[in-house]
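Model the full assembly from the supplied sequences, consistent with the hints where possible.
Protein chains: 2
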Amino acid sequence: MSTTTGTATKWVYTFGAGKAEGAARLRNLLGGKGANLAEMSSLGLPVPPGFTLTTEVCTAFYANQNKYPDGLEDQVQSALAQVAAHVGRRFGDPASPLLLSIRSGARTSMPGMMDTVLNLGLNDETTAGLAAESGDARFAYDSYRRFIQMYCDVVLGVEHYLFEDALEEHKNGLGITQDTDLGEEDWRELVETYKEIVQRALGEPFPQDVHAQLWGAIGAVFGSWESARARTYRRIHTIPDEWGTAVNVQAMVFGNMGEDSATGVAFTRNPSTGDNEFYGEYLINAQGEDVVAGIRTPQYLTRAARERATDDKPSLEETMPLVFAELCDIYHRLEAHYHDMQDIEFTVEKGKLWMLQTRAGKRTTKAALKIAVDMAREGLIDRTEAVARIDPASLDQLLHPSLDPAAPRKVLTKGLPASPGAATGEVVFTPEKAEQRAALGQSVILVRTETSPEDIHGMHVAAGILTSRGGMTSHAAVVARGMGRPCVSGAGAVRIDYKAGIFIVDGETVREGDMITLDGGSGEVFLGTVPTVRPELSGDFGELMGWADTMRTLKVRANAETPEDARTARQFGAQGIGLCRTEHMFFNADRIIAVREMILAADEAGRRAALARILPMQRDDFTSLFEIMSGLPVTIRLLDPPLHEFLPKSDVEFAQVAAALKCDVEKVHARAHELEESNPMLGHRGARLGISYPEIYEMQARAIFEAAIAAEKSSGEPVHPEIMVPLIATGKELSILKVRIVGVAEAVAKETGARLTYQIGTMIELPRAALRAGEIAQEAEFFSFGTNDLTQTTYGISRDDSGSFLKDYLKAGIFVQDPFVSLDQEGVGELVRMAVERGRKTRPDLKLGICGEHGGDPASVKFCHDIGLDYVSCSPFRVPIARLAAAHAALAVEQEKD
Amino acid sequence: MSTTTGTATKWVYTFGAGKAEGAARLRNLLGGKGANLAEMSSLGLPVPPGFTLTTEVCTAFYANQNKYPDGLEDQVQSALAQVAAHVGRRFGDPASPLLLSIRSGARTSMPGMMDTVLNLGLNDETTAGLAAESGDARFAYDSYRRFIQMYCDVVLGVEHYLFEDALEEHKNGLGITQDTDLGEEDWRELVETYKEIVQRALGEPFPQDVHAQLWGAIGAVFGSWESARARTYRRIHTIPDEWGTAVNVQAMVFGNMGEDSATGVAFTRNPSTGDNEFYGEYLINAQGEDVVAGIRTPQYLTRAARERATDDKPSLEETMPLVFAELCDIYHRLEAHYHDMQDIEFTVEKGKLWMLQTRAGKRTTKAALKIAVDMAREGLIDRTEAVARIDPASLDQLLHPSLDPAAPRKVLTKGLPASPGAATGEVVFTPEKAEQRAALGQSVILVRTETSPEDIHGMHVAAGILTSRGGMTSHAAVVARGMGRPCVSGAGAVRIDYKAGIFIVDGETVREGDMITLDGGSGEVFLGTVPTVRPELSGDFGELMGWADTMRTLKVRANAETPEDARTARQFGAQGIGLCRTEHMFFNADRIIAVREMILAADEAGRRAALARILPMQRDDFTSLFEIMSGLPVTIRLLDPPLHEFLPKSDVEFAQVAAALKCDVEKVHARAHELEESNPMLGHRGARLGISYPEIYEMQARAIFEAAIAAEKSSGEPVHPEIMVPLIATGKELSILKVRIVGVAEAVAKETGARLTYQIGTMIELPRAALRAGEIAQEAEFFSFGTNDLTQTTYGISRDDSGSFLKDYLKAGIFVQDPFVSLDQEGVGELVRMAVERGRKTRPDLKLGICGEHGGDPASVKFCHDIGLDYVSCSPFRVPIARLAAAHAALAVEQEKD
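Going down the list, the protein sequences come from chains D and P. Adding 74 to a residue's 1-based position in the first sequence gives its number in my numbering. Adding 74 to a residue's 1-based position in the second sequence gives its number in my numbering.
Among the hints, a few may not be true.
The list cannot tell twin chains apart, which means a pair is met if one copy fits it or any two copies do.
[Said to hold, decoys possible] For lysine-lysine, the following DSS-like pairs were computed, each having C-alpha atoms within a straight-line distance of at most 30 Å: (1) Lys806 <-> Lys723; (2) Lys741 <-> Lys484; (3) Lys84 <-> Lys424; (4) Lys573 <-> Lys723.
Treat the hints as calculated values from the structure; they're not laboratory data. Predicted, not measured: the structure shown is a model, and the values here were computed from it.
Listed below in structure tokens is the structure:
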């Protein structure tokens, strides 16, 4: 889409001297930088005059075989004349040369792009003129050599090390090490050397024609849009190719023109804490790049900050009080205008303040929360805006302990950041050892090739988990996130030798008992102890979450089965349990033997005998959950995983079970062998167990109903359990199982005289269940989308095995995101959408939720909101994220309506 | 839907004396038996008069709380009067009693239903009358006691053993063993005893009111519609409950009224061979049940049959030449009328012939083929009808050797009938041993717990395969069917002890080297040798298949990769190869080492070196296939299974690979361990291998292109390979791989100067691929539905593991059929249908086929035709079945149009 004036397209927008043709709202056309320069100019702020070549020039350039559109050259000439007029200098004028900065500027910041060429317009003649005019030849030739190197690097493609080597050689010849020790003559000589380097490298001299310089720089910016780096960056961040970049051409101002010149960067609030204080640093007699380069240590802007840091170098407030006052005024105006904390760049040229950039400032999550809440209180923004400002995913930082950023550390290796938070502990290799050591009060890190459900007791007592195999959604990762334990998974360089009780990583041997530290947020593993910082859920956090809750319609529940998890979930604001995985209750040491007896029994009678022993334990589990979640719904999933997950592993365990069953150990082995499966994920599990072994689900249903009665009695609140049957593929399966569950309910009601209210529903976790949702909804009172398994089956990818090719897939751009982390909306999502429609068509009041890992992923939460689910359920530690994401989703829908 | 006359519904349809209110076309209303009795009566054939209570009576009865509809009783009375008038007897008349038979008759024959009550209308008085009238009191009282027992059994629910015991006791008292030795007085006494038994059992006497008897029998027939047996039968055969059954009430005729009476059953053609000869048997002085009971040996109908069998008991042709002539005339009229071979029942009462039933006769597949072809030649039916008459699935019988039905046998155990045909051989437990023994010319049966791709060489040389685990679609079953090898899978009672070289089944030990015989059609396993019969594909078969080919539009290809299979496929009429599984070519002993080197190589260079050695072998494989299938399309699937399937298993094999790779054996073990997967079905396989290891698909593409050039040269025919990428889930995967394959094609074309024409397409075997078919079709030139994997992922069922619950699911009616055998049309089928629509929308000329096991299942073939696929591809031995099924599908669509 082109903006046209009459018939001619406007390709160039000027700004400066209190006026601008552009504005902040033209960001798509002018890029972020150009739009904000125009906006500041219109506000009357001191912006060096300049102009912006629009993103449409870029688009037209590529659409038209790399030719600039008609009219562009004229418009640039005319804009350039306007800039010259404002500044009172002419481009290429040897007496009083206009110098330019050229900067790219896409809609969003793109580190993959060419950035800046400064001092453009210098050549042999104008440099001499600049020397004369400024009375500072050293400054002029220093500027010239900087320009040659920068222009060669980004426009002409001459390697920068050639220039650096020449500079080094020159200094060596003089026996000095600092650039500042070089004088005018040195720079003059080096300029000649630099020009020779260019001649040698290119076979032609450094361009002396300033217009050729300008078009060369413009061409380089547009060319950089199609550079490999920029394309990769766009692909990763899904930025469309057709957005294009703008080019900003602006009169140079110099912070390095003496002691009354300076340059600095600032934030209008503290980006780390969010405190409402002017924050930043500056350097006297320096250009912007010097602040970033870190050769000189920058000084504080405010006296308060300087004193707090007990720094003795004077602040800007002290060195240039007038400039400081003007800057303070400007920052207040910018915040008032943009309604957000700004990140600004400025330069002081001979006592005159110039604003070079303003943009929304990046900030930590903690700061973001404080700023949003403060600004809402200050009336700068409303609460809706405050809530919208916080990225839900960023809350994760606040919900787990983190490594002290200041502490020293030695990186041992890196794996996948599977579950955030930091943990330090001694290395253990077995869950048993983990329990022993933890019982003694020792913090432990459980190190395993990969974990299995049987390791859960060990994971529970561990401070963190490290695995050498498995992806972001491996067993270890999922369980760890569920428990809020830091976890690094798939650290492929780690070689574990269980027998020797060591692991080796890149030649380094770590023994059982050695201390290591995990950063589950970065995937890094450190040798020894790195101090951590505890999360502080400040009042701002609670306040903002409260506002968010009033804005959302989607409910948020938690996946939890232990009392501890349930309590955490409630504290984090969960509105019920969306998924209680009963099998997790089977692994406790005191009941696994009974479970094994049940599985390995030769017949139904044997199974029933074992189940009778498990019943009271399950009932107590449920009673406790119902009490903790009193008044809130609790969805309990009947036994799901393949039975062989519960099988004994060691000879001792086999012997135990054989003794308990009073049968030959060989028979137990034979039965265990029978239960082995090639693809357990697609095996005899879920509802299929319920069909084959009715007594298992009957026991579980009885435990639920009896627990509901007990919890009602103890809490005085009614309990409404939701009984969920997993892995349904057909309506018939559910109808058969429902009859049995209802039968148990009737029996319990008759025995106790109690009235039971409950719902029976199903997971939708197989493509067929989604397709047949209409039929299944005839039986199901609720659906809960098990999007982990639905993703596995829809994609045909086992998440335990995906680690081997996931990286290749992300690298090749086949996956933009791991589909187990963020719901694949166009594939898996279509099935979910289909199931929602078909299910509700059969049963308009069907309750709909999601209980896969995706329930805690903001993009997926938005999807759930958009398709009309009633709730999402996620791990307790992600409940706040889901609450905020749900509010965002509701706000986005509101906005789309506007 | 009711048939109404004025306002009153007609519930009863009469027939007899050359007239009938019903007709054959009213089968739904009158049931099969009633409709045909009416039809015969209208044809003027001698049918004992009677009437039919319609199926609507049954429906109305159940719809109206088990009450008969108004008007029924009057209509029955009036029909009864009409029967009495025709026969010249009255119901309940002591002087000349009318006796009735009562038979149920649903639309289709239902063995689960009550069948017949004979001699109804006898009581103390009418029996005495019958004795007087017939002059044969023994006959009268024998008939009475038979009636009492039959009526008590099916109507009153008095157990029949009570009567049998009484009869036995009576005979014991007399010291005789044969019923025929009992005289009139014995039967009179026994009738009294029987009546006492009834009185004791029911507390009331046997009903003497003949009308009560009649309504009792009618009620019992209708009641039997809702019996547990009938309901189970209906569920299994998907017969709707609302069809209901009819009741036929017919005047009794007696074949046991002396030497001029007889009863018999006949087929109008030989049901075993199909020969056009009158075929059947009869008994003088007997009732129908005596023929079936087998107490007396029946005699042949024709003299020719008797002489052929060198039987000396006279044929009907000889004993009753007039009756025989009339019967021959009738059978010709029935065939001419029904245009099909008939199964008839008749009775001769005192020299008078009565027709009791006619219906289409059951026949063997061989006979069905001959009869259909003969009748088409005779002009009785047209070719379309001939083709429509043959059940495609039944052809399976003809395509494999079968056990000689006459041979003695000892059943060892029973498993699943996984791949039809019979085989005898000595037991071996390893593929290696199978090869050794087969090389010596010994027929072997490979016995394994289950098979894996590495066993293929052993399966290939085996005469049959027996596994103790796995279902109808386990690896063993699928591969065996593909090879046309008989296979019994999942014989759970078989316990294999590989070390000892034995298997034990129900206490019987079978050693390596012992002979066993499999019947893959029944799942039975026999000890020792049972002689087999070779299939004979007669001229009729070929002729009918030729007719079928002219009627179908769906093409039929075969799944084949060996030259032997390809040749078989061509002989069976395959129109190309729809699936060549390249991995099957990797298991040969001479190349598995190179394959293992490739997999276990540390880097790409190592893999490329190994692949370079595999390339010429693959090229030769493809050249040979292209030559055999010259002129026909060949679809080659690139490597699909997870790499670890190829890994070494034994220490010797590991050492071999380590030596070849010149590396430490520990390293090889470590790499092998790395490749292990939890759910290999959902793991690193298919296109995922292609993405991670580009060099594998590049080698395969090169082999294909070079082979195409070689085969064009040798055969002079152009070769158009179709290259198929497996396990695609996203368009992006295919687009990346396509670029690489095209690159190889261009390279080969450049090197050789040859022009290559080929297509690149994909399997649709993941739900996501079906959903995203529109996007994938942008790259794919063809889709082949891999419905095996699509069923696995859509249902979330691993076919290797489904054996453990499949039986439970079939029993519970959750599966009507194993979804791996017949396509789940409403679940998996919806995805296929969706993919067809979406794919064709993007690319209207997209070629569409199916290459899962379902390609050889007639119901699935019809589905493929209906949704507009271009071809199905199945195992070579099922090609004729698919061809015929495709013709049926086309004919069905034609019919639906009419």
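- Are the CA atoms of Lys84 and Lys424 at most 30 Å apart within a copy, between copies, both, or neither? neither (35 Å within a copy, 114 Å between copies)
- When no copy is named, should Lys573 and Lys723 be tagged within, between, both, or neither for a Cα gap of at most 30 Å? both (16 Å within a copy, 23 Å between copies)
- Should Lys806 paired with Lys723 be assigned to within, between, both, or neither, using CA atoms and 30 Å as the limit? neither (36 Å within a copy, 43 Å between copies)
- Task: Go through the copies and call it for Lys741 and Lys484: within, between, both or neither, with a Cα cutoff of 30 Å.
- Result: Between copies only: 29 Å across chains, 52 Å inside a chain, cut-off 30 Å.
Checked against the numbered hints above, the structure breaks hints 1 and 3 and satisfies the rest.
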